[in-house]
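One letter stands for each residue in the lines below.
4 protein chains.
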Amino acid sequence: MNRKLRMGMIGGGKGAFIGAIHRMAATMDGAIELVCGSLSTRPEIAQESGRALFLAPDRIYNSYEEMLAQESALPDGERMDFVSIVTPNFAHLAPALLALEKGFHVVIEKPMTLTLAEARQLRQKAEETGLLVLLTHTYAGYPMVKQARHLVQSGELGKIRKVLVEYTQGWLSRLSEKEGNAQAAWRTDPARSGISGCMGDIGTHAAHLAEYVSGQKIEQVCAQLNTVLEGRALDDDGHVLLRFNEGATGVLTASQVMAGEENGLKLRIYGENGGLEWAQQEPNTLLVKWLDKPTQVLRTGGAGLSSYAAHNTRTPGGHPEGYIEAFANLYRNFALTLSARLEGTEPAPEALDFPSVQDGVRGMAFIETVVASSASSQKWTDFIVA
Amino acid sequence: MNRKLRMGMIGGGKGAFIGAIHRMAATMDGAIELVCGSLSTRPEIAQESGRALFLAPDRIYNSYEEMLAQESALPDGERMDFVSIVTPNFAHLAPALLALEKGFHVVIEKPMTLTLAEARQLRQKAEETGLLVLLTHTYAGYPMVKQARHLVQSGELGKIRKVLVEYTQGWLSRLSEKEGNAQAAWRTDPARSGISGCMGDIGTHAAHLAEYVSGQKIEQVCAQLNTVLEGRALDDDGHVLLRFNEGATGVLTASQVMAGEENGLKLRIYGENGGLEWAQQEPNTLLVKWLDKPTQVLRTGGAGLSSYAAHNTRTPGGHPEGYIEAFANLYRNFALTLSARLEGTEPAPEALDFPSVQDGVRGMAFIETVVASSASSQKWTDFIVA
Amino acid sequence: MNRKLRMGMIGGGKGAFIGAIHRMAATMDGAIELVCGSLSTRPEIAQESGRALFLAPDRIYNSYEEMLAQESALPDGERMDFVSIVTPNFAHLAPALLALEKGFHVVIEKPMTLTLAEARQLRQKAEETGLLVLLTHTYAGYPMVKQARHLVQSGELGKIRKVLVEYTQGWLSRLSEKEGNAQAAWRTDPARSGISGCMGDIGTHAAHLAEYVSGQKIEQVCAQLNTVLEGRALDDDGHVLLRFNEGATGVLTASQVMAGEENGLKLRIYGENGGLEWAQQEPNTLLVKWLDKPTQVLRTGGAGLSSYAAHNTRTPGGHPEGYIEAFANLYRNFALTLSARLEGTEPAPEALDFPSVQDGVRGMAFIETVVASSASSQKWTDFIVA
Amino acid sequence: MNRKLRMGMIGGGKGAFIGAIHRMAATMDGAIELVCGSLSTRPEIAQESGRALFLAPDRIYNSYEEMLAQESALPDGERMDFVSIVTPNFAHLAPALLALEKGFHVVIEKPMTLTLAEARQLRQKAEETGLLVLLTHTYAGYPMVKQARHLVQSGELGKIRKVLVEYTQGWLSRLSEKEGNAQAAWRTDPARSGISGCMGDIGTHAAHLAEYVSGQKIEQVCAQLNTVLEGRALDDDGHVLLRFNEGATGVLTASQVMAGEENGLKLRIYGENGGLEWAQQEPNTLLVKWLDKPTQVLRTGGAGLSSYAAHNTRTPGGHPEGYIEAFANLYRNFALTLSARLEGTEPAPEALDFPSVQDGVRGMAFIETVVASSASSQKWTDFIVA
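Protein chains in written order, with our numbering: chain A, 1 to 386; chain B, 387 to 772; chain C, 773 to 1158; chain D, 1159 to 1544.
Chain A extracted, bound-state conformation (with noise of 0.2 Å):
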């Protein structure tokens, strides 16, 4: 890279959660810094938090519509380079889209859009400009998970045949949003959130998970939600069976009512020959079952690594690695490819390796179809994209 990217971002203002992660995610390797922000809609707030950020004062917004406008007004050396979309879901499209339309690469949270409507038009616009999306699924980022894609895509475990993947948590399990907790407030408030609530918070990476270490792409769902609090107005549990483009089966758990759960992603898969398992909050521990042998540990760090698992490794086997390093792989990646475009230079594949804009429309159809489904007496709904 010949210079450090320019990140400018919306939303992420004081109080929010997973602004500050973004911002400790994308600065981590030194490639990036952040040069501008409209950190919040109310402009006391957005001033307040761009300050504390050592933000120069004319490049703290009082909107996106504002900072676009400047920015894109800015000239080439002094210009941001992409931005980063850290508001609730149902402010994702409009800044999303007008970011593209001024010529500017995007970052944007998951689920991508309030609605699988607007996420087609999201990828629309994206695939008109051709620039850079950048979908946050952070769980893709972590190094292990590089190498269970890798071992599948190896052909090592056989066909695979099972995919169990749950994602558990317990934060939910009062009715927080009427007790002032903000990030449950939104989380479960359909005009903010969209239709689901746990599927779409969580369910969503779950399901990105599991086709991207499968291989393998849902084709049917069977999915039982649930809204465990009386009084919620959105899922706040459920269960998905799955059927899958090639053959698996499996099943999709997703809570935010287990009481005295975390952050549970765990993700299991079988083939023909072994199995493999990772769960979020030990990352970098890797389980290779097999029929015939021994367990395998993997670890980061460690023997017997793909150059996937080590392009996404800062530190050498035994220094954990964790949720922020993970989250800054996906922003690594997305710098890496953005510079061999600025650059004209080719980027390395594990450098290409990132979610994007068309994962964001699987992640909406997802949320569409489990809603459905769970709302059918029909056994099985067939999962469709377009």
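Some clues are possibly wrong.
A short list of chain C residues far from chain A (calculated; beta carbon distances all over 10 Å) [unchecked claim]: (1) Met773; (2) Gln819; (3) Leu947; (4) Lys1038; (5) Gly1074.
Each computed PhoX-like pair below joins lysine-lysine, with the alpha-carbon atoms no more than 20 Å apart [said to hold, decoys possible]: (6) D:Lys1317 to A:Lys4; (7) B:Lys603 to B:Lys564; (8) D:Lys1172 to A:Lys4.
Since the hints were derived computationally from the structure, they do not count as laboratory data.
Glycine included, each C-beta is placed from N, C-alpha and C at the ideal position.
Given chain A, work out where chains B, C and D should sit, using these hints.
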């Protein structure tokens, strides 16, 4: 107890797996002795097996009919007290009925019979005779399972909302039934095993455990059974969405084709305030997770346990008890209850806690219900026992 | 085997801990029956305990002298074959010597005697009589310990460089011996336990395991024994630096005051190419770590095991075997060896693998050496057995 | 904070390991920016490395002397605030002294200097100038280490009796220093590393952690250092028996030849009522074991934590934080303290909690003491810092 109880065995001759386990479990605590057996339907195997167990030559029988007839003719102080039936599923009902008719108490392997109709027939005979039946759902014998059940009953977890149970094995990942594996052969043969393979063999264990610990009964299911290996005659894998009678929902996964898995029975249950997690492969640990305080690690023989856990424990904390001890707990409780009856005393409540003929009927209903559900295009199928 | 072996027991009456374990272990495999006992030095306890075990009234003895005299007078087909001595340390030697003199084989608890001199005396008697002695170093009976030993012997790990062994308990964290805990009372009493508490009770297990698996012998020690609780008469904690005869070094930690620990025996051994790790509380797993390839997880009943591990396993992988099974393996191997001798056949090499009188002598030498070293201001003390 | 702090770096050019970690850690929280560096003593490497980090060309220096001279001549709003010294041990003292003389605060890698005498010299300079020194004992930055220290201080565990600490690595299991491994080369070279290899490199971390968490100081040691690989110039393995100033005893194990181990820093501390266990490779879990109640699992971001743990945490429970975050916590606390000083405010007590020049002096005293002890035939050697 005033004397050892005298046990006979039907099945379990040379080469069988579960018969040897029954014998170790039954005799472990010095309260039961094996006095006779019709260990095989092939006389030479029956005789050889009996001699290898040091049975008295005149109590090595060549058929169960012979054994039940001759034993019932023996004097009081010599005649066996109960019989353990450890044959394949299809050969459970006839000897069980006859044994009860002849006045012998019965220990019987799960699934209890070949069909639900047979199970009802056996239940009726047991009720008519008033004799004891122990159904060997081994996993209910673990001390930490007792503790888990106690925790739910205590109300500390609050109302139970979620039940996740899985039983994962990999030993049928190839068509072993066609390569001379006798255990595989009968388990995948409808004539000997019944209408389900995997769900009958291990799904029933999982379903029993889920109900036993949660205290709730399955009311509706939505099942997807799979025959993953082409050429196999019965299901070897499946998922079942569950609805319970007091409002909990959940999922049951059972598979014998998860290559690399051993005997992965695992239960997770969540209530309003917290959850619990138990895995059979590390059976002396019970995790209790709380919404608002740190997870606790309960341990066999450790602090903070109920009388039910303590009653089913033989050693101090840190001296691992395993599968055979869990099995022995079933026999011990059965023996304590039977001895009390023979001696006209009242058994302790802890001793009365073993799976019975009614659990066997529910198990058979589970099999028939999930097979019907799997064949149905309708999402939910009622679970009816009658 | 042509018949069951007949066992007598000295000690192990009502209220004792280890006697009951011996009985379960001995009889688990149907090859040994308990026929007589002098279970307590108090006649009423001896009688009550014998009745509770359903012993024939005329074979419930009130002293070991009486038992050994009367049993040796019984006819061949009735007389006990061997005696298990499960009394406190101080009461091991006399009955063991007498039993050997009367022609009975002996099973004896560790530490073998009260002093090294006594141990040598017992060894001499065993050698003179040619009778078998089994010293119950339980932990050597675990299948994964057998596997660990096999791995070292195979040379795969390369020359062994490091041995770390620890045995951590917490049950003496208070002065329980003064609060009516009988187990604590004799173990902390020099008259009954010998010159060491913790090192005698559990340090000897750790030292035996280290030598058994590493195949190397301790040659020099540097010990720091502590009596952490004021008012206690013997050591309850300690560390020993180790030098082995083939160049390995290491450290042995044993403590009974690590509050919160249960029975934490753990062994780690490292060679030029890799290491292994085994922990008694999860005994069915053996980690094998490699310098240049992924860690392997060996499992009881699983793939890739030696004949020694398989021989000491009763159940398929995933059906946990525990402390009692490990104990039973010692008895089973002893019984197979004894039966072979009685029948004039050759036992399998796997059957010959049980701790013997010479291990008992080394154990007593370990105790006397570490006590001497701890009292010395010199760094290294030679470990001399003679 | 009113502005970002400006950091310079000495060492850490292309090919170095720890320099890159320092940069990620320092900049992670957006409070520090790297403004200059003398990244290598070889000018072409210094220049290339500086450009790769996008430093301004005029602030890429070819020597630390040049950098310190020129930076001190810059105006107030531009001059760097502090310098991070990440060279090998032998090259710590001179730049550190000069930096302090020039008025720059200092971050310095451990072990702090080449000798104890040098360490005292540096401490004196730091005291004279009153400037801040951060010694990067990374592992003290983990939230669960903060929690462990808090638990000891709270008195809940009772008086601390036992401290077990180990740091196990395998990466020097072969003579890598002779095969072109630069990291191995300087660490095994007395001229660059000092009088100890393993104990200096990782034993010092272990000793610091033991004292930091236990709150007790090492007073006497009995050390056995080994050079396991023939032809190596320094120790690569060792054990140290420990006596602490308030009565605890323990053992420290450090090794770089435990083949198959990664970076196994592990601490266990026991008091009268319970113990705690923390392992760096799974750093977000702290086990708290109790004598009379179930073990508790404390988790980063979870329930029941102190303000010190919370202050050093960035993400909610279940989003693993790792090595780089722990490292960043040291920098963040240093930065908060430094900013407060620059702004004339009072830092929070949590911010003041980072390892200092006095910890560096103790570390060097540890090295010199254990080397002396290992050479002595006397058992105990006093640990004297002065």
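To see whether the hints hold, each was checked on the structure:
1. Met773: Non-interface label stands for methionine 773 of chain C: nearest chain A Cβ at 33 Å, farther than 10 Å.
2. Gln819: Glutamine 819 of chain C clear of chain A: closest Cβ-Cβ about 52 Å, beyond 10 Å.
3. Leu947: holds, 37 Å
4. Lys1038: holds, 18 Å
5. Gly1074: Given that some Cβ of chain A is not farther than 10 Å from that of glycine 1074 of chain C, nearest at about 7 Å, it is violated.
6. D:Lys1317 to A:Lys4: Violated, at roughly 53 Å.
7. B:Lys603 to B:Lys564: violated, 38 Å
8. D:Lys1172 to A:Lys4: Given that 20 Å is the threshold and the Cα spacing comes to 18 Å, the pair holds.
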